[in-house]
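One-letter residues, chain by chain:
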Amino acid sequence: MTDEIFPELFERLVDLAAFAFDPAEAEYLRQELNNQLKAIHQLEAVPLADDVPLASHGVGYPPQSRPELRKDLWVPFENPDEILAQAPQVEDRYLVVPDIPHTKLD
Amino acid sequence: MSALDYAAHTIAQKVNAGELSAVEVLEDALARIEQVEGRHGALDYGELTDEDRKKVHAFITLTQDRAYAQARQVDALVSAGKLAGPLAGVPLSIKDIFCVKDTPSTAASRILSNFVAPYTATAVERLESAGALTLGKVNLDEFTHGSSTESSAFQPSTRNPWDPDRVPGGSSGGSAASVAAGEVMLSLGTDTAGSIRQPAAFCGVVGLKPTYGRVSRYGLIAFGSSLDCPGSVARDVRDAALMLGVMAGADPRDSTASLHPVPDYLAILSEGVKGLRIGLSPDYMQIAFPDPQTGALIRQELPAEIRNATLRAAEALADQGAEIVEGVPMPNMVYGIPAYFVVSRVEAASNLHRFDGVKYGYRTSSEFRDLHEMYRKTRAEGFGLQPKLRILMGMYVSAAQYSEQYYQRALRVRSMIRADFESAFDSGGAYRLDALLTPTTPTTAFKIADIYGDSVLMQYADQLTVPANHAGIPGISIPAGLDGDGLPIGIQLLAPDFGEEMLLRVGYAFEQATADAAWRKQKPQVLR
Numbered sequence: 269m270t271d272e273i274f275p276e277l278f279e280r281l282v283d284l285a286a287f288a289f290d291p292a293e294a295e296y297l298r299q300e301l302n303n304q305l306k307a308i309h310q311l312e313a314v315p316l317a318d319d320v321p322l323a324s325h326g327v328g329y330p331p332q333s334r335p336e337l338r339k340d341l342w343v344p345f346e347n348p349d350e351i352l353a354q355a356p357q358v359e360d361r362y363l364v365v366p367d368i369p370h371t372k373l374d
Numbered sequence: 190m191s192a193l194d195y196a197a198h199t200i201a202q203k204v205n206a207g208e209l210s211a212v213e214v215l216e217d218a219l220a221r222i223e224q225v226e227g228r229h230g231a232l233d234y235g236e237l238t239d240e241d242r243k244k245v246h247a248f249i250t251l252t253q254d255r256a257y258a259q260a261r262q263v264d265a266l267v268s269a270g271k272l273a274g275p276l277a278g279v280p281l282s283i284k285d286i287f288c289v290k291d292t293p294s295t296a297a298s299r300i301l302s303n304f305v306a307p308y309t310a311t312a313v314e315r316l317e318s319a320g321a322l323t324l325g326k327v328n329l330d331e332f333t334h335g336s337s338t339e340s341s342a343f344q345p346s347t348r349n350p351w352d353p354d355r356v357p358g359g360s361s362g363g364s365a366a367s368v369a370a371g372e373v374m375l376s377l378g379t380d381t382a383g384s385i386r387q388p389a390a391f392c393g394v395v396g397l398k399p400t401y402g403r404v405s406r407y408g409l410i411a412f413g414s415s416l417d418c419p420g421s422v423a424r425d426v427r428d429a430a431l432m433l434g435v436m437a438g439a440d441p442r443d444s445t446a447s448l449h450p451v452p453d454y455l456a457i458l459s460e461g462v463k464g465l466r467i468g469l470s471p472d473y474m475q476i477a478f479p480d481p482q483t484g485a486l487i488r489q490e491l492p493a494e495i496r497n498a499t500l501r502a503a504e505a506l507a508d509q510g511a512e513i514v515e516g517v518p519m520p521n522m523v524y525g526i527p528a529y530f531v532v533s534r535v536e537a538a539s540n541l542h543r544f545d546g547v548k549y550g551y552r553t554s555s556e557f558r559d560l561h562e563m564y565r566k567t568r569a570e571g572f573g574l575q576p577k578l579r580i581l582m583g584m585y586v587s588a589a590q591y592s593e594q595y596y597q598r599a600l601r602v603r604s605m606i607r608a609d610f611e612s613a614f615d616s617g618g619a620y621r622l623d624a625l626l627t628p629t630t631p632t633t634a635f636k637i638a639d640i641y642g643d644s645v646l647m648q649y650a651d652q653l654t655v656p657a658n659h660a661g662i663p664g665i666s667i668p669a670g671l672d673g674d675g676l677p678i679g680i681q682l683l684a685p686d687f688g689e690e691m692l693l694r695v696g697y698a699f700e701q702a703t704a705d706a707a708w709r710k711q712k713p714q715v716l717r
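Respectively, the protein sequence lines represent chains A and B.
Residues 269 to 374 (this note's numbering) make up the first sequence, in order.
Residues 190 to 717 (this note's numbering) make up the second sequence, in order.
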């Protein structure tokens, strides 16, 4: 694993993440990402047998300690206006979303 | 005598017995805050003054009115001859990563700076129902992304009460500092890689990270959903046990909150350590960090004062009858930080995409053409550098072409880290440990600005604490002395899943064994 995040790839990540940076900030972040990648590359040194499982969490979830999933029921919030009041833009009790740009796919 | 000289459990006893009023306790706490706090963290903070550099700055928001209403309610219950709860009248601070209804809940980020929570986190709800007085929301690294509290958007960031030129640790820096400075008796923190234990060690207080799923995460603004654990920050082990007992247990609003029964954590505190097997691992007695140029792993001995404090703790426990088991191998703990760089970033990226300037929180005030430009401007202005780094790395390592190489490999290394602990704690295995004793941190509190900006070195501050988060097991940091600069040193105890009782029992035995130690008489600089 000798990957490095070059400026072109960095720009692509920035676009996907919906960020925008000035050049100095972008270069600092790209360098930090590459420094982190060097640390991540140490994982190559771990001898992983084929039967080592993926662990999406540490603690096991045996049935006796696992709660039943909630029923998928709609429960009205006691005061929806309180939530609407925190939205940046509301009209007739609907959240206003700015225009969504349309891209024509080739 | 100030009410703040008592431990939380003593305050609760006295308040319930009518010997002390909750309002009286609250007023003592507010007077202490006035004495040590300085200005609270804010977005537009201006220049730091000399006075700022001497203060603690633990709080972002003080909820004085809420605390007064709670104190009056506690006193009314006691006057009516009723018990007001196991935390009656105990001053409490809440890391500002928890939602508390009708209070600003900022995650120390500009992007949530105007968010007022419409509901209360389960852990907070349980603490308040037990009679605690919520004095306010305390500072942290932005979205908990850090180990020094310096990355908060709300400045001045919290300073260490033992030496205000140094960091309090992080990300629960405000929690640890508010307890160490005596502004509150208890604080609710979170621990994703060591964010309770590391600041507890730096500030000379007790920090308990419970087993993953022991305390509900409902109402916690998520960072790493498979790693985040709410837990106690307290002055002593008994208080940490009392607080955990109130918070722990199943919650229908969090499907990862375990149904595992909650024991009486106070009941076995005094049972001592005779016959317990407590391990020491050579792998926890060294520092590992990557060479900045090549990335090759460099290993060094721990600072002697930290190593010796850990060994002295082992001797103290041996004197109480514990059997110390040396040479316990933990060969994969050294990969804890590299694996964390992957796992936590993927989870952070997933969790932070919801902040978009549409539903709540900050939206850019500048002009925008369309939704995409609004997203970009809002997120660029609203997030600080640390969340941005985590989002970008999380997207990179989980991309389809890299996922097997990075993310899936890190999840398998996580299994290996877990296997180290399972082997050490296996009752039929070679070591059969009841608990593992380690240092909490590779150094004592470092100076403000010394490391901030180097995201790799900062992450390695958590190298001794993060393995427990990967494994999901509980851990506790307990004060174990002071270094040559008068800064607190912490020791860490680790136990198998849901082994909090064991941690508290061993920790309490250590506290009792060192109750007369000269270092325990020392006070933080801001209280001298």
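Treat the hints with caution; some may be incorrect.
Simulated crosslink set (DSSO-like; lysine-lysine; CA at most 27 Å straight-line) [what the hints assert, rightly or not]: (1) Lys636/B <-> Lys712/B; (2) Lys548/B <-> Lys339/A; (3) Lys372/A <-> Lys566/B; (4) Lys548/B <-> Lys243/B; (5) Lys339/A <-> Lys566/B; (6) Lys244/B <-> Lys710/B; (7) Lys306/A <-> Lys463/B; (8) Lys243/B <-> Lys566/B; (9) Lys712/B <-> Lys244/B; (10) Lys244/B <-> Lys271/B; (11) Lys203/B <-> Lys710/B; (12) Lys290/B <-> Lys463/B.
Each pair of labels, with its calculated beta carbon distance range [what the hints assert, rightly or not]: (13) Gly328/A <-> Glu556/B: 49 to 59 Å; (14) Pro275/A <-> Pro518/B: 37 to 47 Å; (15) Ile513/B <-> Asp318/A: 48 to 58 Å; (16) Pro452/B <-> Ile351/A: 37 to 47 Å.
Note that these hints are calculated values from the structure, not bench results.
These numbers were taken from a predicted model, which means no experiment stands behind them.
We treat Cβ as the ideally placed atom computed from N, Cα and C, and that holds for glycine.
Status of the hints after comparison with the structure:
1. A hinted pair counts as satisfied when its Cα atoms are at most 27 Å apart, and lysine 636/B with lysine 712/B qualifies at roughly 19 Å.
2. Only pairs whose Cα atoms come within 27 Å are accepted, and lysine 548/B paired with lysine 339/A is accepted, the gap being roughly 25 Å.
3. A C-alpha spacing of about 24 Å is found between lysine 372/A and lysine 566/B, which places the hinted pair at or below 27 Å, so the restraint holds.
4. Proposed proximity of lysine 548/B and lysine 243/B is contradicted: the alpha carbons are some 39 Å apart, above 27 Å.
5. For the hint pairing lysine 339/A with lysine 566/B, the CA-to-CA distance comes to about 39 Å; that exceeds 27 Å, so the pair is violated.
6. Restraint check: the Cα-Cα separation between lysine 244/B and lysine 710/B comes to about 22 Å, which is no more than 27 Å; the hinted pair holds.
7. The straight-line distance between the Cα atoms of lysine 306/A and lysine 463/B is roughly 45 Å, outside the 27 Å bound, and the hint therefore fails.
8. For the proposed pair lysine 243/B and lysine 566/B, the alpha carbon gap of about 36 Å is over 27 Å, so the pair is violated.
9. Taking the CA atoms of lysine 712/B and lysine 244/B, the gap is near 15 Å; set against the 27 Å cutoff, the hint holds.
10. Note on lysine 244/B and lysine 271/B: the hinted pairing is violated, with a Cα-Cα distance of about 39 Å set against a maximum of 27 Å.
11. For the hint pairing lysine 203/B with lysine 710/B, the CA-to-CA distance comes to about 24 Å; that is within 27 Å, so the pair holds.
12. Between lysine 290/B and lysine 463/B, the direct Cα distance comes to roughly 46 Å. Violation of the 27 Å bound is thereby established for this hinted pair.
13. Judged by the Cβ atoms, the range 49 to 59 Å given for glycine 328/A and glutamate 556/B holds: they are separated by roughly 52 Å.
14. For the hinted restraint 37 to 47 Å between proline 275/A and proline 518/B, the CB-CB distance of approximately 43 Å keeps it satisfied.
15. A hinted range of 48 to 58 Å for the beta carbons of isoleucine 513/B and aspartate 318/A is inconsistent with their spacing of about 37 Å.
16. For the pair proline 452/B and isoleucine 351/A, the beta carbons lie near 38 Å from each other, so the given range of 37 to 47 Å is met.
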